[in-house]
Amino acid sequence: MLKQILSKLPRKSSKSTANRDHSGNHAANSNASSGSRSSGGKSANSSISSIAVNSSVPDVAIHHGVNSKLNGTLGFSQYEGLPGFKDVPNSEKQSLFIKKLNMCCFIFDFTDPTKNLKEKETKRQTLLELVDYVTSISGKFSETAMQEVMKMVSANLFRTFTPQPRENKVIDGVDLEEDEPSMDSAWPHLQIVYELFLRFVSSTETDAKLAKRYIDQPFVLKLLDLFDSEDPREREYLKTILHRIYGKFMVHRPFIRKSINNIFYQFIFETEKYNGIAELLEILGSIINGFALPLKEEHKMFLVRAMIPLHKPRCLAMYHQQLSYCITQFVEKDCKLADTVIQGLLKYWPVTNSSKEVMFLNELEEVLEATQPSEFQRCIVPLFQQLARCLNSSHFQVAERALFLWNNDPIENLIIQNRKVILPIIFPALEKNARNHWNQAVRSLTLNVRKIFEDLDHELFNECLLKFQEDEKKEVEIKARSEAAWKRLEEIAAQKTASDDKVVVPC
Numbered sequence: 020m021l022k023q024i025l026s027k028l029p030r031k032s033s034k035s036t037a038n039r040d041h042s043g044n045h046a047a048n049s050n051a052s053s054g055s056r057s058s059g060g061k062s063a064n065s066s067i068s069s070i071a072v073n074s075s076v077p078d079v080a081i082h083h084g085v086n087s088k089l090n091g092t093l094g095f096s097q098y099e100g101l102p103g104f105k106d107v108p109n110s111e112k113q114s115l116f117i118k119k120l121n122m123c124c125f126i127f128d129f130t131d132p133t134k135n136l137k138e139k140e141t142k143r144q145t146l147l148e149l150v151d152y153v154t155s156i157s158g159k160f161s162e163t164a165m166q167e168v169m170k171m172v173s174a175n176l177f178r179t180f181t182p183q184p185r186e187n188k189v190i191d192g193v194d195l196e197e198d199e200p201s202m203d204s205a206w207p208h209l210q211i212v213y214e215l216f217l218r219f220v221s222s223t224e225t226d227a228k229l230a231k232r233y234i235d236q237p238f239v240l241k242l243l244d245l246f247d248s249e250d251p252r253e254r255e256y257l258k259t260i261l262h263r264i265y266g267k268f269m270v271h272r273p274f275i276r277k278s279i280n281n282i283f284y285q286f287i288f289e290t291e292k293y294n295g296i297a298e299l300l301e302i303l304g305s306i307i308n309g310f311a312l313p314l315k316e317e318h319k320m321f322l323v324r325a326m327i328p329l330h331k332p333r334c335l336a337m338y339h340q341q342l343s344y345c346i347t348q349f350v351e352k353d354c355k356l357a358d359t360v361i362q363g364l365l366k367y368w369p370v371t372n373s374s375k376e377v378m379f380l381n382e383l384e385e386v387l388e389a390t391q392p393s394e395f396q397r398c399i400v401p402l403f404q405q406l407a408r409c410l411n412s413s414h415f416q417v418a419e420r421a422l423f424l425w426n427n428d429p430i431e432n433l434i435i436q437n438r439k440v441i442l443p444i445i446f447p448a449l450e451k452n453a454r455n456h457w458n459q460a461v462r463s464l465t466l467n468v469r470k471i472f473e474d475l476d477h478e479l480f481n482e483c484l485l486k487f488q489e490d491e492k493k494e495v496e497i498k499a500r501s502e503a504a505w506k507r508l509e510e511i512a513a514q515k516t517a518s519d520d521k522v523v524v525p526c
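The numbering used here numbers the first residue of the sequence shown as 20 and each following residue consecutively.
FYI, nobody ran anything at the bench for these hints, they're computed from the structure. Beta carbons: idealized from backbone N, C-alpha and C, even for Gly. A hint or two may mislead.
[To be verified] Quick list of the computed label-pair ranges, beta carbon to beta carbon:
1. Ile497 to Arg454: 18 to 26 Å
2. Gln144 to Arg272: 34 to 42 Å
3. Pro392 to Ser413: 30 to 38 Å
4. Ala311 to Asn455: 26 to 34 Å
Work out the full structure: start from the sequences and follow the hints.
Structure, rendered in structure tokens:
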């Protein structure tokens, strides 16, 4: 009877048990802290966890609030490789997978390449093993495994950038440092983490319905922030990964488009500084290509409010090829957008930047190729008024590029069909070029274009020539009258000065 009573009394916990409980709670708290991320700025973590390490592993930077212990039991002083997946039975492989993921949450300091070489190599080899496992896994990833993958990826990728001064990087639309991009010293690890994440997202064993709990909107925003990386290798991986996410997680598609929109707005109207515009446009080029017809109003507004204003920044050369492709895709999807696009190009047409003018003319040719006659007629007058100015440009490349439009058969056909409107607009520019342009190539091309119109419609050509000659005479007369008026004023001023009288100039 006494034993039964004593057995019901609470026992005093032992010291070892308490220590184990404390260790478990500490590990849980560390795990929780690793999941927290700052939502502002460049996906930076507001708190950095620090751990005590022994003298054998000095100068190790542990960022992003990662676990201070591996799996809650191993300290950094015991940062050694775990067994390979081939060395454990199938029943233990998933557990080992999670342990290796936790192990790879440690972030090393790559600013000094001589420090922690052994530990860095251990982590690199572990990451390579994880890539092989993700690639060869048979069977769906568990929710725990997904959570640990996302925790490891977040710990390694989401970091604070230290941008270099960029005030003088772009002049007249040319990237002066295009051939010398800034490379991330941590790339030996980052590349493998990106490869692992890419294969994880692309894997058929990754259940999209389950994974969207962890690849959520805050995660996508932080991923988009990384596109500002100065390392082109990182941006290339991000481009591929975001495209896979867009394809696999349909629920995120509107959000991704809206977020890219916001990046463009900030770039166009505020900073004009962002490294990943070209890569984002490459993604959008593929997305636009898949738009269903008829186009939604949302997509048309995206063209008008974001895509066309991207022609405004002076660093257009860094992403113009990708932008031009996207614009052309819109016109090919809906020919009625051609007038909108051409009017937009005319709105942002450069005035003093000849290299940008050549880019605009290249893009204009691609758009005109996909333009229908009905849309072409709506923008003929402002379009050829601008082309006339280009024909008379003192920069020979601008004039030459404008004249090359007549070498494009679809565009030449559009011009021929509407020659009665077009020729009177551009005839003065053609005549001035043929007579006075300093560049021989421009003069030769001008004479070829002039001959096309003369052979095609001799009567119209003579009418335009007669009107040009009349306008020329009027200009000479106006100039002569103006010079005579100024001469009279000079004579009156001289007479007034001679008689010491003040000259009163009427307002």
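Okay, the hints, checked on the actual structure:
Checking the proposed 18 to 26 Å range against isoleucine 497 and arginine 454 shows it holds: the Cβ atoms sit about 20 Å from each other. For glutamine 144 and arginine 272, the hinted distance range of 34 to 42 Å is satisfied, since their beta carbons lie about 37 Å from each other. Between proline 392 and serine 413 the CB atoms are about 33 Å apart, so this pair conforms to the stated range of 30 to 38 Å. Separated by about 53 Å at the C-beta atoms, alanine 311 and asparagine 455 break the suggested range of 26 to 34 Å.
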